[in-house]
Each structure stands twice: as structure tokens, then as C-alpha cells.
Amino acid sequence: MCLVKTRSTLISLAALFLLGCQPPVPNLDSRGSTIVAFGDSITFGVGVPESRSYPSTLAERLDVEVINAGIPGDTSSDGLARLAEVLEYDPWLVIVEFGGNDLLQKRPLKETEAALRGILEQLLEEGVIPILVEIHGPFGGDMEDLFEDLAEAYDVPLVEDILPKILRTPRWKSDPIHPNDAGYAALAAEVGDLVEDLVSRRERLR
Numbered sequence: 001m002c003l004v005k006t007r008s009t010l011i012s013l014a015a016l017f018l019l020g021c022q023p024p025v026p027n028l029d030s031r032g033s034t035i036v037a038f039g040d041s042i043t044f045g046v047g048v049p050e051s052r053s054y055p056s057t058l059a060e061r062l063d064v065e066v067i068n069a070g071i072p073g074d075t076s077s078d079g080l081a082r083l084a085e086v087l088e089y090d091p092w093l094v095i096v097e098f099g100g101n102d103l104l105q106k107r108p109l110k111e112t113e114a115a116l117r118g119i120l121e122q123l124l125e126e127g128v129i130p131i132l133v134e135i136h137g138p139f140g141g142d143m144e145d146l147f148e149d150l151a152e153a154y155d156v157p158l159v160e161d162i163l164p165k166i167l168r169t170p171r172w173k174s175d176p177i178h179p180n181d182a183g184y185a186a187l188a189a190e191v192g193d194l195v196e197d198l199v200s201r202r203e204r205l206r
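Residue 1 is where the sequence shown starts when you use my numbering, and the numbers rise one by one after that.
Honestly, I wouldn't trust all of these hints.
[Claimed, not checked] In silico DSS-like links for lysine-lysine, alpha-carbon gap of 27 Å or less:
| # | residue 1 | residue 2 |
| --- | --- | --- |
| 1 | Lys-165 | Lys-110 |
| 2 | Lys-106 | Lys-165 |
| 3 | Lys-106 | Lys-173 |
None of these hints come from the bench; they were simulated from the model.
Please build the complete structure, drawing on both the sequences and the hints.
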């Protein structure tokens, strides 16, 4: 299940659910027109045909174009450096999936955090809804707290648990660090649940 996961607001979230309300999302009234999947080789879809990547599977589910802005090998800092290119697509929603290469390259956690903060802050300033995709393990190191803290700090939705689960499940992988068809489908399903909710909430504002 995909949640906006924050520790300090757990009681508030419980109250919202009891009242039948939903937690606020910044820029829900975004004037953008596209959805962009922004990330590294996992977003790009290494290990499967283009039609089986998670952005393609998500686009089929939503029946809208999802622009694949994944570049294999990109770190969070690389993503920040090319964020302006992503903004040229006029997105209302950007799904941010970085961190795996930071772990593989043993980049300092502070460097990764600074880059991810830069991405989130620029997206929010441009009136875009960012969604964070959590990653940690199995490469060594642990970023779980980082993604939770960022989601809490910026009040942005967090797709939690599914990518770490895929990367720890051999039957969902095409190689040691990339999903296979089933793995990408599982990722698309979790992201899709959250995106469909945002699409519905955004339409109700119109």
C-alpha cells in the first residue's frame, strides 16, 4: 500500500482517515499538463523492453502519456543537474526515483539528501506535485530514514517499501540491481494507486 508516510504526523493522519478526509498535497491545483517519471535505470526500464518499463505500464493503466525521463547511471546529483529539462515538459506531476546509484557509488548521504532536497524544492516552486519513490538496500547502506524525512519535510507523497521489496525478491529481478517484467509491473501498480488518487483529487478541484 502507498502512503504519505511521516512519523510525527501519524496521529493527525489517523484522525484524517477517521473523519473521511485525505492529507493535503502541495500543488494539487497545478496548471501543468503532463506526468513525468524522473529517475535512473529503474525508471528507464533496464532489463525489459520499453513497453514493459514501469512508466509504460503506468501510462497504459492511466490511459495517458507518462514521459519516461529515466537515464541509466544517474545519481541524485545528476538528476538535479537535468531537472530543467524535465520542467520543459510542463509537468503537473513528477515521480522522483533516485538513490540506487548513490548507494552503488557510495556517495555521501548528505550529498544525496542535498540533491533530493534541491529536486523537491524546485518542483514545488514550479507548481509541480512531486512523488518520491523510496529506495534502500540491497546494495549496502540504508536510506529509509532519508526518504521518510524528506516526505515529511515537504509534505509530499511517498511510495514506500515496494522498490526495496522488489530488489530483495529474486523472482522479480532481471539481474542483481534491476527488476524484470513482474518487478516493474509491481512497481507500476503501487505508483499507480497513488497517482490515480491524485488524478481524482485534482479533477475534483476543477
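Next on the checklist: Need the list of violated hint numbers for this structure, in ascending order.
Outcome noted: Of the numbered hints, all hold.
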